[in-house]
Amino acid sequence: MKTYDAIVVGAGHNGLTTAAYLAKAGLDVVCVEKNDYIGGAAVSRNLYEDWMYSNCSYVCSLLRPEIYRSLELHKHGLQVTPYGGSVTFKEDGDYYGSYHDAEVAYREMARFSVHDADSYERYSADTMRQCRFIRDFLLRTPPDPTSFKPRDIRELIEIGGKFMEMGEDRMYETIRFWTMSVAEYLGEYFETDVIKAAMSGSGIIGTALGIHSPGTAYVLLHHYMGDVDGNVGTWGLARGGMGAVSNSIAGAFQAYGGELRTEAGVDKFIVRNGRATGVALENGEEIGGRIVVSAMDVKRTFLTCMDKSDLPEAFHKRVENFKIRGSSGKLNIALDGLPTFPALPEGSTLYHSDMHFIDSLERMERAYDDWKDGTWSRDPYIDMVIPTLMDPTMAPPGKHFMSCFIQYCPHKLEGRDWTDPEREEFARTVIDQIANYSPDFKELILHYEIRTPQDIEDQIGITEGNIFHGELTMDQLLFNRPVPGYAQYRAPVAGMYMCGSSVHPGGGVMAAPGANAAREILADLKRPNTVPENFGDD
Amino acid sequence: MTDKYDAIVVGGGHNGLVCSALLARAGKQVLVLEANDQVGGAAVTREFADGYSVSACAHLLYQLQPSVRKDLSLSPKLAAEDMTTIALGENGEHVRLRRGTVLGVSDADADSYRGFHKRMSRFADLLRTYFNKTPPRLGTKDFQDLKTLGRLGFDLRRLGKTEMREFLRLIGINIHDELTERFDSPLLKGALSLDAVLGTHLGPRSPNTIMTYLYRLAGDHGRVALPAGGMGSISDELAHVARESGVTIRTGMPVTRIVVGNGRVVGVETGSGERFDSLTVISNADPKQTIMQLVGARHVETGFTHRVHHLRMKGNAAKLHLALDGLPAIDGLSKKDYAERIVIAPDEHYVERAFNPAKYGACSPEPVLEMTFPSFRDSSLAPTGKHVMSAVVQYAPYDFKGGWDDAARQAFEAAAIRAIERYAPDIAQRITASELLTPADIEREFRITGGHWHHGELTLDQFLFVRPVCGAAQYRMPVDGLYLCGAGAHPGGGVSGAAGRNAARAILSREKAA
Amino acid sequence: MKIQEVHQGRLHSPFYSRLSALDTLNQWHEWKGYSSADALYCEDMEYFAIRNATAVFDLTPMTKYRITGPDAPDYIDRLVTRDMGKIKPGRVAYAVWCDDRGQVIDDGTIFHLREGEYRLCSQERHMAWLQTAAIGFDVSIVLETADVAALAVQGPTSFTVLSKMGLDGLEDLKPFGLMNFDFDGADLMVSRTGFTGDLGYELWIEPGKAELLWDALFEAGKLYGIRAMGTHALELARIEAGYLAAYQDFLPADATVRAGRTRSPLELGLGWLVDFKKPNFNGRRALAEEKRRGSTWRLVKLDIEGNKAAHHSYIFAKEKGNKREIGFVTSAAWSPVCKQNIAIGTVRMPHGAVGSNVWVEIYYQREMHWSRAMARATVVDKPFWFPPRRSATPPGPY
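Residue numbers (my numbering), protein chains in the order written: chain A, 2 to 539; chain B, 7 to 520; chain C, 7 to 404.
A short, non-exhaustive set of chain B residues, derived as facing chain A with CB atoms under 10 Å:
id	residue
1	146
2	167
3	171
4	174
5	180
6	211
7	213
8	312
9	318
10	358
11	475
12	477
It should be emphasised that the hints constitute simulated quantities derived from the structure, not laboratory data. What you are looking at is a predicted structure, and each value in this text was computed from that prediction instead of being measured. Heads up, the beta-carbon is just placed ideally off N, CA and C, and yes, glycines get one too.
Same shape as in the complex, but just chain A (with noise of 0.2 Å):
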């Protein structure tokens, strides 16, 4: 049996994050996958004939451009394309459009109310703000806060000066901005329904909480917090789809030297005199590691794959208890032309936007009450997206591919599984939805893949196919991510590290709780640290 320095499992772009880090320390790593291909959650699968499409996470903006730079993935194939906008059809037949250009955007919200337009700009500020003062924490780890450890302290003494540097008056908008929900903090800024609900879409995706939940606010934030080029708040496309990105950090992790194994599910993590020690992969195989990081969620790290036994039972049991749920579905369709939105004019640069068609809060947080009562959304709120008018890369040339990201979707129908006849169901309610706004867009559907939470778990493994591997809520970020007392990327048995989106700073496709997992690990080994710094916004 071959002994590597460190195991990574998983190769998820967090996974490949880790592992290309490690690797360019110089160790000699391994990265696990169960699927026979990589990827994760961030992919991009050829399911239909010709068509090559992100079938999972399908925009990027939280990538961590300090990762970008320093594993060169410009140079193992990834460019990532900025597009803007959104649009959000009316029930009356009118429609709010979100516009690239500034002013553009400015009379159009102008034409349903001038106080919400001029308002844009005061909004910006403070959110834009909250986002400064968040994303320097991105590529750090939490301080413990209980802990009296010189490092910790140092670190919290940062994050209250930096919050203490915004004076007293923004300190307490910071305080409210925490803790108050999505649609009360629009209602601060805007009059207009559609306006709130097409803004509100951000404070949910992905999230098992409505708008009118306390803690939605910075949900919203983890949308707007990412960049494209410095452009803080806007989302960007992955060329050749979300599969270039985790395709690009493999090939820096094997630019490295490091070996990726695909169709090698681990079976469970070996544990020898407290310490961890490798990996007993599903076919027997055993793989020895000096180190061994999971970049699978942590209910599947330390519930499937590892023995109750070998986890202090405080531990266990927040883990048992780590809320991960599944909210979200997907339906990934294939088109044989593009679509006609009638509301919209002819060639509007909309069509390459965000739709939505969803018009108001109430129609917002009536699709969060079916979802508390164990079904999908009747009324869903879709976050749609045809990517192929951007990146010719996904489909034959003059057929399309559209992304239907569905809000909500439980993993399980009132506590028992899906069956086919309700995933069709469920397929047949976004399409109905959309076609209320596209009278021509059924005839030109050629195959559809239906993507439930419980889909998601059972092809991805991420449990219960929450797409942020645990959810967002106060209780679960920063220092109490993933659970309190093990938010510095170490599990609780020697050797042991976690490296997933269910640690510090969370899912989206972001690296940064793989890059912050190899720089501890690095530490510890008393490596050179190669993880970068964060560029600091100034």
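We have chain A already, so just place chains B and C on it with the hints.
Chains B and C only, in chain A's frame:
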């Protein structure tokens, strides 16, 4: 008449009375002006039907702060103390809770509840310490502020590593998750959910409901009492103590304006046009009413107006009063159980489902209830052999779509009766008279904007440093001489007296510093 | 229901046909969604038209609000820092408005059109703030940017031009005064205001009469050197006049992200606009506190040695051996009319007292190569350009 007082308190609610008494004891000439004919605000006893009286709004005593009792040497007469909560179950299988003990659930649940209660009580004790202090300002170099903040940090650390972590984990989240994690019994989860959401615009799944649950516990260590003679007796005692201390209390004197002259408070004007002068005016009214109506937006600045305008304070709790010709028969209750606090919240999903329509301006078709039969221990409230029932019924949103007319009121009352009928099938026959106070009625009769009993939603974004709004958490309003002493100020509502006491102390210490 | 898509390109002001007819440079930029010319034929000539004859600038994109209602006077008075009670109908006031922290949101002019009826003009757009400030007041605030066409007519012969155009009685109009005239059956409002620091007027009319007005104006000015101008000429003139520009010399407080980047009126040298005798106005408490404690920043007008414009320069206390800068230049220019090297800057207190010297680090490029110079600068009190004709009533023919 233009008498000159050291301080005028607008509104003789319990907080106003506490505040006035403490100021008078410090040697101040204090005038309390109450709009209604009796003092007490929402803590009053009223006859709602011939011979039947009831605590018209607040009916149970959770929060009366020991510090207030001590400072004013109060000894409220209680009809029932340390009451048991009975969560009604179908077929008479009820769950009973009292402090850390729960009966009617599995041993595992009972064990778990003991641990839960112990931890929550500890956190609540920590909170209570700060309920009796003026919240510190952030980012100042003021010694008192830094001391309080330092103390807060120290107290958190003193919980110990594990408990501090638990505190930081729990403080922002919802009670639903914690209950699901710990308990099996639906009735237990329902009853605890209800405790967390009573008086709020939150459901058990709403983050922040652990905090509201702790708030309830942080009163008198989670003990619930029923004042003899209704809640009005507490106010009467406070009024008595205030008068003894030299406070002038005038009822039937609605203040219509807080007079601002040259940028500072100079007095108040009443509905009858009477003017009273004072350089210190303390409002026991809610912050929205105080600023937007009594003072007027033009006397404060725009950012502050914006914050007050956006204060969330839309009540969902209605009050139902029934005159009964006898106690309703509830399967599984013994006679003496009618002295206890009885709740209808069969499980946490029921509570959440009751909340759902309130988000859209509709009432719960199946509401949750907190009921008492105060006449059971207190014969003064009903004719001999007859009884009154006093219940808080949720959710009846203040901004009911279509407006609160008689039909809407009757429909909600009927829904409440139906909910009770599931456990007390004869309730309808027993009713001889009834009264339902919706949040809109509470707003009108008790002059609380939105009819919200906390004078502002009790959520973390309106709590502690930021209650009622950013920059005004120290009882001083941004008009010189104007203070807030009601539930809208830190720490919040409930018949606790904490806000009144803290406000008085803040005013006196400010005077000392000047 | 078919929705017309919102206009995608730049908007054209009602004067666009006339401006584009004169345009030879095709150098335009965006101003709040409108096309606005940088320069039309020659920046220098346009500038000298302001100082020597008459220059006309299209002001239409300027944000304009109509404020009316029973509480309008009280509302305006609480909104801005100066005492608006003193501004009678028919008068115009330059004013700043602040947030509760006493930080400037914007500056602008407020026209007291009729008893209780106002027009507020500013560079930035503020409906959200204006409406928030209206909570508790019985006022109506209407955006009228597109409903009013406006021209600035500035320069020594501007009075003569307007008189020739037939505006009888204009000679009595004092600075910051308003007069109304009939123009082809429409109301033509003329205010003696401007952004150039020279004799000048601003004309306000309904958009339908815009071209007619332009033509009449240029016909009347033919013999008096009338020219159209773009923003570049205006920019130079406003620096000479010592006027501030938003996003240049200060940032709107509500659009600022970083701590410490906002400025109070006291820090912008606008203390004269702050009337502490008023019992309440937005920012009063914070400004009173600032007055007590002292400000952090001070706006300075600098007369700099040499002739190299100090664009974006750091300001230092000494020529050599500085630990760090004390501030920076926010606007700079070589003033052709004063033959001075001038700048507006912001420095940390207690630096920058009037009459004191500071040092300005100037980088300049000559044939690809960059050079650095330290230049002594004197802090001056008055605007660089303040000719007597600016306030003479009646104005001379010049």
